[in-house]
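Protein chains: 2
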Amino acid sequence: MFKVKVYTTLKAGVLDPQGSAVTNSLHHLGYEGVEDVRIGKVMTLTINSTEDKIEELVKEMCEKLLANPVIEDYRYEIEEVVAQ
Amino acid sequence: MFKVKVYTTLKAGVLDPQGSAVTNSLHHLGYEGVEDVRIGKVMTLTINSTEDKIEELVKEMCEKLLANPVIEDYRYEIEEVVAQ
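Protein chains in written order, with full-length UniProt numbering: chain A, 1 to 84; chain B, 1 to 84.
These aren't lab readings, by the way, just hints derived from the structure by calculation.
Among the clues, some could well be false.
Identical copies carry no separate label here, and so any pair may be met within one copy or between two of them.
[Claimed, not checked] Calculated cross-link-like contacts (lysine-lysine; reagent style BS3-like; alpha-carbon spacing at most 27 Å):
#1 41 x 5
#2 41 x 11
#3 53 x 64
#4 53 x 3
#5 3 x 64
A quick note: this is a predicted structure, and the numbers were derived from the prediction, not measured.
Use the sequences and the hints to build the structure in full.
Written as structure tokens, this is what we have:
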């Protein structure tokens, strides 16, 4: 059993309306020092697989569904865990 | 100048409809080994502050806006960067 963390972030230069909205809200709350906010996702997956296949599996899932390769970068961390 | 990463994740036991939707989609794509998916956010903030104030500032922003303390846990990483 594997615990996999997939981090997706918008590529540099891609507009981040959600980040801009958070920046404005923080300014309204008085946090003027905040210059920029970029928002991404962190997905924690529990996957039943074998050691030799897990990395390829994760790459495939990222490319096919979890990340949008046009506007997002992704990275992942794979950790073997004892099945509960 | 500081680069701060704030990670928010749903508390254990809190229903994650987005995670369930991703799990189902992965199953449809043939990735039957995926047992669970939990989705959280990673926010990267650029903040102009001083070393003695930055941590308190980040905690306040998390408690007031960036995380929902009722259903989310949060953690953060603070890194000093050279202003560009």
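Results of checking the hints against the structure:
1. In this homomeric assembly, residue 41 and residue 5 come within 27 Å of each other (Cα to Cα) both inside a single copy, at 10 Å, and across copies, at 12 Å.
2. In the homo-oligomer, the alpha carbons of residue 41 and residue 11 lie at most 27 Å apart both inside one protomer (13 Å) and across protomers (16 Å), since each shortest distance falls under that limit.
3. In this assembly of identical chains, residue 53 and residue 64 lie within 27 Å of each other by CA distance solely inside one copy; the values are 17 Å within and 43 Å between copies.
4. For the identical chains of this complex, residue 53 and residue 3 are intra-copy neighbours only, at 14 Å inside a copy versus 35 Å across copies, given an alpha-carbon limit of 27 Å.
5. Taking CA atoms no more than 27 Å apart as the test, residue 3 paired with residue 64 passes inside one copy only; the shortest distance there is 19 Å, against 31 Å between copies.
The structure fails none of the hints (numbered hints given earlier).
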